[in-house]
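Engineer: Can you build the whole structure from these sequences, using the hints too?
Residue numbers (the numbering used here): -19 to 61.
FYI, nobody ran anything at the bench for these hints, they're computed from the structure.
Among these hints, one or two may not hold up.
Unchecked claim - Straight-line distance between alpha carbons at most 30 Å, and here's what the computed DSBU-like set of lysine-lysine pairs gives:
id, residue 1, residue 2
1, K14, K24
2, K21, K(-15)
3, K24, K(-15)
4, K56, K44
5, K(-13), K37
6, K(-13), K44
7, K24, K37
8, K37, K21
9, K24, K44
10, K56, K18
11, K12, K24
12, K56, K(-17)
13, K(-15), K37
14, K61, K44
15, K(-17), K59
16, K(-15), K18
17, K56, K14
18, K(-17), K44
19, K(-15), K61
20, K44, K(-15)
21, K12, K61
22, K14, K(-17)
23, K24, K56
24, K59, K(-15)
25, K12, K37
26, K37, K14
27, K59, K18
28, K37, K59
29, K37, K61
30, K59, K21
31, K(-13), K18
32, K24, K61
33, K(-13), K59
34, K37, K18
What the hints assert, rightly or not - Label-pair restraints from in silico Cβ distances:
id, residue 1, residue 2, range
35, I60, S27, 15 to 25 Å
36, S28, E48, 12 to 22 Å
37, M19, E48, 27 to 37 Å
Every residue, glycine too, gets a C-beta built ideally from N, C-alpha and C.
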Amino acid sequence: MAKYKIKIDLDECIGAYACAAVYPEMWEVDSKGKAHPKMGKLIKENSSEWIIMDENKFDLELAKRSAEVCPVNAIKIEKIK
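Structural biologist: If you want it as C-alpha cells, here you go:
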C-alpha cells in the first residue's frame, strides 16, 4: 500500500481557501487565514506542516485537486512508498 506526504508551506499560504473548498475533509482554515491538514497525525517543522496518509485513507484525486487550485502552489503531494 502506498503512502503519501501532503505538505503545506504556511509562509506561502495566502488564505485563498481554495484547497478547503475542494476538499473540506482534508483542510481547515484557522483564525489567521492559513490552511492546515486535519486528517492524520500533523507534523510541524518551521513554516511547514504535513501529514502522512495511506492511500486508502483519503481521496488522492481530491487531494491532488486541492493542491492544483492553490494559487501560490503552497501544497505539495509526494508518494513516499
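Engineer: Run every hint past the structure and note whether it holds.
Structural biologist: How the hints compare with the structure:
{"no.": "1", "hint": "K14 x K24", "verdict": "14 Å, holds"}
{"no.": "2", "hint": "K21 x K(-15)", "verdict": "11 Å, holds"}
{"no.": "3", "hint": "K24 x K(-15)", "verdict": "13 Å, holds"}
{"no.": "4", "hint": "K56 x K44", "verdict": "8 Å, holds"}
{"no.": "5", "hint": "K(-13) x K37", "verdict": "16 Å, holds"}
{"no.": "6", "hint": "K(-13) x K44", "verdict": "11 Å, holds"}
{"no.": "7", "hint": "K24 x K37", "verdict": "21 Å, holds"}
{"no.": "8", "hint": "K37 x K21", "verdict": "12 Å, holds"}
{"no.": "9", "hint": "K24 x K44", "verdict": "21 Å, holds"}
{"no.": "10", "hint": "K56 x K18", "verdict": "15 Å, holds"}
{"no.": "11", "hint": "K12 x K24", "verdict": "17 Å, holds"}
{"no.": "12", "hint": "K56 x K(-17)", "verdict": "14 Å, holds"}
{"no.": "13", "hint": "K(-15) x K37", "verdict": "13 Å, holds"}
{"no.": "14", "hint": "K61 x K44", "verdict": "17 Å, holds"}
{"no.": "15", "hint": "K(-17) x K59", "verdict": "6 Å, holds"}
{"no.": "16", "hint": "K(-15) x K18", "verdict": "13 Å, holds"}
{"no.": "17", "hint": "K56 x K14", "verdict": "15 Å, holds"}
{"no.": "18", "hint": "K(-17) x K44", "verdict": "14 Å, holds"}
{"no.": "19", "hint": "K(-15) x K61", "verdict": "10 Å, holds"}
{"no.": "20", "hint": "K44 x K(-15)", "verdict": "11 Å, holds"}
{"no.": "21", "hint": "K12 x K61", "verdict": "34 Å, violated"}
{"no.": "22", "hint": "K14 x K(-17)", "verdict": "25 Å, holds"}
{"no.": "23", "hint": "K24 x K56", "verdict": "15 Å, holds"}
{"no.": "24", "hint": "K59 x K(-15)", "verdict": "6 Å, holds"}
{"no.": "25", "hint": "K12 x K37", "verdict": "28 Å, holds"}
{"no.": "26", "hint": "K37 x K14", "verdict": "24 Å, holds"}
{"no.": "27", "hint": "K59 x K18", "verdict": "19 Å, holds"}
{"no.": "28", "hint": "K37 x K59", "verdict": "14 Å, holds"}
{"no.": "29", "hint": "K37 x K61", "verdict": "15 Å, holds"}
{"no.": "30", "hint": "K59 x K21", "verdict": "17 Å, holds"}
{"no.": "31", "hint": "K(-13) x K18", "verdict": "12 Å, holds"}
{"no.": "32", "hint": "K24 x K61", "verdict": "21 Å, holds"}
{"no.": "33", "hint": "K(-13) x K59", "verdict": "11 Å, holds"}
{"no.": "34", "hint": "K37 x K18", "verdict": "13 Å, holds"}
{"no.": "35", "hint": "I60 x S27: 15 to 25 Å", "verdict": "21 Å, holds"}
{"no.": "36", "hint": "S28 x E48: 12 to 22 Å", "verdict": "19 Å, holds"}
{"no.": "37", "hint": "M19 x E48: 27 to 37 Å", "verdict": "18 Å, violated"}
Hints 21, 37, counting from the list given before, are not met by this structure.
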